[in-house]
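Q: First to last, the sequence lines map onto chains A and B.
The first sequence begins at 1 in the working numbering and counts up one residue at a time.
The second sequence begins at 1001 in the working numbering and counts up one residue at a time.
By construction, these hints were calculated from the structure, which means they are not laboratory data.
Fair warning: this is a prediction, and the values are worked out from it, not measured in the lab.
Built from N, CA and C at the ideal position, the CB exists for glycine as well.
Among the hints, erroneous ones may be present.
Claimed, not checked - Computed beta-carbon distance windows for the label pairs:
hint	chain 1	residue 1	chain 2	residue 2	range
1	B	L1228	A	A99	52 to 60 angstroms
2	A	E256	B	E1347	30 to 38 angstroms
3	B	D1349	A	A78	30 to 38 angstroms
Stated by the list, open to error - Sample of chain B residues facing chain A (criterion: CB under 10 angstroms; computed from the structure):
hint	residue
4	G1290
5	P1319
6	A1326
7	I1411
Protein chains: 2
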Amino acid sequence: MATASDLPVSPLAPERFPSLPKVAGMEAATHSLGLYKGKVRDDLLVVHFPDGAAAGGIFTMSSTRSDDVDRCRAALNAGGGRARVLVVNTGNSNAFTGAAGVAKNAATIASARKQSGCGEHEVFISATGVIGEPLPPHIVSGGVEQVWGRLGAPDFEKIANCIRTTDTFAKAAGETVSLNRRNVSIVGVAKGSGMIQPNMATTLNYVFTDANLGPAVCQALIARLGDLTYNCITVDSDTSTSDTLLFFATGAAGGEPVDNPDDPRLSDFIAAMHRVLLELATQIVRDGEGATKIIEITVEGAASDASAKVIACSIANSPLVKTAIAAGDANWGRVVMAVGKTAEPVERDRLSLWFGDHQVAHEGARAADYSEAKATKAVSGDQVFIRVDVGIGRGKATVWTCDLTDGYVKINGAYRS
Amino acid sequence: MATASDLPVSPLAPERFPSLPKVAGMEAATHSLGLYKGKVRDDLLVVHFPDGAAAGGIFTMSSTRSDDVDRCRAALNAGGGRARVLVVNTGNSNAFTGAAGVAKNAATIASARKQSGCGEHEVFISATGVIGEPLPPHIVSGGVEQVWGRLGAPDFEKIANCIRTTDTFAKAAGETVSLNRRNVSIVGVAKGSGMIQPNMATTLNYVFTDANLGPAVCQALIARLGDLTYNCITVDSDTSTSDTLLFFATGAAGGEPVDNPDDPRLSDFIAAMHRVLLELATQIVRDGEGATKIIEITVEGAASDASAKVIACSIANSPLVKTAIAAGDANWGRVVMAVGKTAEPVERDRLSLWFGDHQVAHEGARAADYSEAKATKAVSGDQVFIRVDVGIGRGKATVWTCDLTDGYVKINGAYRS
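Generate the whole structure from the sequences, applying the supplied hints.
A: This is the structure:
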């Protein structure tokens, strides 16, 4: 199985791992279960909230999702959004493993409860890696026991590295922001570089804050901001069976608890959390398998925001658009094709299109002052902006994707064997 | 602009161009308008039905389709399904060309009417090639005038070559069948190798018969059989702005006319026409850009046939499934992923999956007698069969696609520039 270290770092990667604030009220440890044969790397993450945390989450919509995803959703529903332990393994997704997968998760939860003394619905579990290969049930649960004595202040770089699979760089983002006149931290880690499509895009993502938020706030913020970020990215239109985005608030920064997601005191916090999620989501696009360019696509003039998003995703997922941009070819006719292939309302003869700042099409035909040189320049760098007005209404959406290169084909032809 | 001759012939191409029967009641000529700069090749096809023909057709559903498509549809609706002239050019699709495209088509139709003396709605026009580049209006119409004196018995190999763009081989199929105790011929030509997705899959396709069929029969048969063939193939999920499948019946074989599509005398004819369309449609898949394998995907046990087709197309369009098969990797977990990503009803824990004859998954988990060697063998040849039972009902569908290789990326990064 290919792992991160086999692949050259994406040319779109940030220059360095970010400097991150501390998040009070959580401890963590990483460990190697040996799930990557012939490689020494951490593949188990355990996070412990000694005084508990409020939790919220959103998950893959796949109908063949893993039992791990079902258990996280059930924990949130049945446990009222309280968390004590998070256990994540890489190297095996535990998806489509039937009874063996259920047994593995039961053992893992039992082990976490034994160590922490918490309730069944305070344990959250995730797994990522190959689909359909059952693991012996006690490998992960045994790891939880082994690692428990080593829990300590979280090293987010280690954590981000531990959850990588084909990622070519470790992904994290963080901010400090004022809430109730106290400084609070928000830190997120993410992994994902293929099988990326809303809903919800990417595989595993964990965002931690020491702000004192109630479970209803956690759930509302992660759903609302996840929809504007993770659900607006796509690499290849494929939806993982394990996609998980969890948000934990330890409350260790103290202060009055915030229990209403519409509380106006949250506005700075929400803006900061939005930036953290967008940074994580676009890092995933920057690590799209084989990517050499990040593409921001805005559709406006649509019947509704939802309609705009369908059209934007159609452009973002078109192999013909993505291969043209990979080659630096300003083949804007393919964007017109991708707009046309959805069932959404579009007025062909009022459709206008921009590559970067250059208008390439105006109301149903090539723009009068179209310049091949300017259009080509707009798709030649490693950041490409496409804007389409479909001439119907006021709906608008922005999505992010990457180009499609032979690197994608090579990585995905080699992943499993 | 890349053309057929730049590309190596697909390894999945038939060994030779088929031997085809004659179709009475039609004449044709091909010609070079010089639309492929620096290349000598035919890029204009004119077909003339001296005594007229009954016609039917199905077209792209794209909302950014070309004016050519709109005119064919309008001709069928307003003209009652009668045809005298077909004009096709390659090298420029005339899509998204606004007023210039409308002017080009008006001039072409006027020229065809002048030569043939027919009505406005008896002229059918198609164009394929780059999108959004206006052509001077008189290039194609002038070509019609030039070529008219050279019309003669159709050379289907020349015709099939004339309509190629990135196709690596000329596509045609034909049969002779008995109808009303007379031998009649069916011959079809097709072009297409990318931007292939229902509805309707591929770009340009023309099927001719000398059977004596009325317009209602032509329309009913092409719609019914097109749905079972062209609308069941996909190369890259992209839908062309020019997709056209036209069916012309000259009636020159004589005999009593058939005006009812449910006439039992049609059964052998329908079976033969189905074989011709399926052969053409799968030839398009065999010429999928960069294809090295043809993949037949059958989904059964779905809530309905329509639901089965959505799931089958999700598998067929998954870049992760297609790249794994390209590499000969039996990564069946990706098929499970692609089944799960649609919104169609699926019973995860009753889902079973076969690669060729080998059952790889049984009721929600890897099959007990799964063999990596057998599964790998099933995806190693140039024909791959995938079958999924989704455990819900009796709905069933089969679709055809090809693998995704770096050849696709190379061809589509080079097409336009």
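Q: None of the hints should be skipped; say for each whether it holds.
A: For each hint, the structure was consulted:
1. Take L1228/B and A99/A: their Cβ atoms lie about 40 angstroms apart, and the range 52 to 60 angstroms is violated.
2. At roughly 48 angstroms, the beta carbons of E256/A and E1347/B sit outside the given window of 30 to 38 angstroms.
3. Checked against the given bound of 30 to 38 angstroms, the beta carbons of D1349/B and A78/A, roughly 21 angstroms apart, lie outside it.
4. Interface restraint check for G1290/B: the shortest CB-CB distance to chain A comes to about 9 angstroms, inside 10 angstroms, so the restraint holds.
5. With a least beta-carbon distance of about 4 angstroms to chain A, the hint placing P1319/B at the interface is held under the 10 angstroms criterion.
6. With 10 angstroms as the threshold, the beta carbon of A1326/B comes within range of chain A, its nearest partner Cβ sitting at about 6 angstroms, so the hint holds.
7. Satisfaction of the interface hint for I1411/B is found here, the shortest Cβ-Cβ separation to chain A being roughly 8 angstroms, below the 10 angstroms cut-off.
Hints 1, 2 and 3, counting from the list given before, are not met by this structure.
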